[in-house]
Amino acid sequence: MKNIYDFDTPLVRRGSGCVKWDQLPTELESGNADDILPFWVADMDFRTAPAIVEAIQRRAAHGAFGYTHVTDSYYDAVISWFERRHQWTVKREWIQYTQGVVPALSVVVKAFTEPGDQVVVQTPVYNCFFSSVRNNGCELVTSALKLTRDSLHYEMDFDDLEAKVSNPRAKLFILCNPHNPACRVWTHEELLRVHHICKKHGVVVVADEIHNELTYHGKRYVPYGVVSQMDNAVVCASPSKSFNTAGLQVANIFCANAEWRQRIDRAININEVCDVNPFGVVAVQAAYNEGEEWLDQLCDYIYKNYEALCDYIAKEMPRLRVTPLEGTYLAWIDITVLGITSEELTKKLLNEGRVWVNSGTMYGPVDGEGFIRVNMACPRAQLMEGLRRIKQVVDKCN
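Positions in the sequence shown are counted from 1; adding 734 to them yields our numbering.
Treat the hints loosely; a few may be bogus.
[To be verified] No more than 35 Å apart at the CA atoms, straight line, and that leaves these computed lysine-lysine pairs for DSBU-like:
1) Lys1049 - Lys1082
2) Lys934 - Lys754
3) Lys1049 - Lys1081
4) Lys1049 - Lys934
5) Lys934 - Lys953
Derived by calculation from the structure, the hints in this document are not laboratory data.
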C-alpha cells in the first residue's frame, strides 16, 4: 500500500539553531528576526523522509558516537540508487566520501590546480563556486549563460565556453547540473558538447550534481558521468538537498581515474574533511534504500508550489516574470521592470515586507542583476504568505 506523506503541516524550526530561521540578516535595519519569513538559503521546511528519521533514532539509541567507519552497506546503497534511478553504473572504487558538496568542490579545485590557474564557471551560478575557486588561490573566469528574455530560458554559450577553456591557464570547469539558479536540467546533448569541448582542451570537468533528484514536468537529470563515461570527469553528489539532510554533512565524490583519486584523497586530507558523522552515514543509506516514494511525492508537491507561485505572480504581480522550472526548488524571478536593483529590492523586502530572499547578484554581479531567488520548498500556506508580503512591497515600486 502506498504511503501518503504530509508536506502541508508547518514545521517549527525557529529556535532550533537553524541557519535559515535563526540567523540574523546583516541588512536588517531594526528589530529582531522573529517575524521574518525566510526564503533564502536552500534547505527545506519539511521533515525529512520517515525512514531517515527512524534510521537516525536507531543509531542514536546505541549511545556511542565515535569516529565512523563507512561500511559496505553504504557503498551498496549509493551504487544501487544511481543504477536504479538514473541508469548510471558506478563502481565502488570510484566513491570517495567527504563532508559536503562544497567541501568536495574545494577539494577538487585543490587537487587539479595550482595558485594562479584559471577555473571556469557559468554565471549566474551558485555563489560558493566563487569562494571555492578564490580560496585556493585561483582566478575565477566566467562564461555567462545565454538568456532569451522573452521566454526566460537559459542556454549554454558554447562558443564562449570554448574560448574560456582554451586558455592554457584554464585547468578546471565547474558544471552545475541541474543548474542553480537558472533552473535548467541540462540535456544529454548539451552535456556531451561540454565533454567534447573540455576534453579537447585538456580541462577537467567537475560536476556539482547536488540538485540531481529535484527535476519536474518530464525533465530528467542526466548524470555527467553517463555522458562522459567518467573520462576527464569528477562528479560530486549528495542526498542532502533532496532529503533535507544538509546538517548531517556527507557527500560523495565519484572519480574513475585511479591517479586522480589519489590526488583527491590527498586534498581531502589536506583540507581535513575526511571524517563524516555516524548519522550522515545511516541517513544516506536510508534515503537511497527506502526514500524513493517520499522523494517522488516531495517533487510533486514542490512543482505544485511552483504552479501556485506562478499563478499568484501572474494575477497579483504581473510585472514580474518567473523562469521556467526544470530543476531545483528555487524560483528565479525577473524583477527588471521595477526599475530598482536586485539588492535594493531584497533590502526592501527584508525591512518593509519582513521576507528574506536572495538578490540575484549573489550569483554573479552582472548576470544575476535583475533577479531574485525564492526558495519554494516549504508548506504552501507559508509560501503564499511570503508572496503576499512580496506583493505589498512590489506594489510600492514605480
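Going down the list of hints, with the structure as the test:
no., hint, result
1, Lys1049 - Lys1082, "holds (22 Å)"
2, Lys934 - Lys754, "violated (42 Å)"
3, Lys1049 - Lys1081, "holds (24 Å)"
4, Lys1049 - Lys934, "violated (49 Å)"
5, Lys934 - Lys953, "holds (29 Å)"
Hint violations for this structure: numbers 2 and 4, all remaining hints satisfied.
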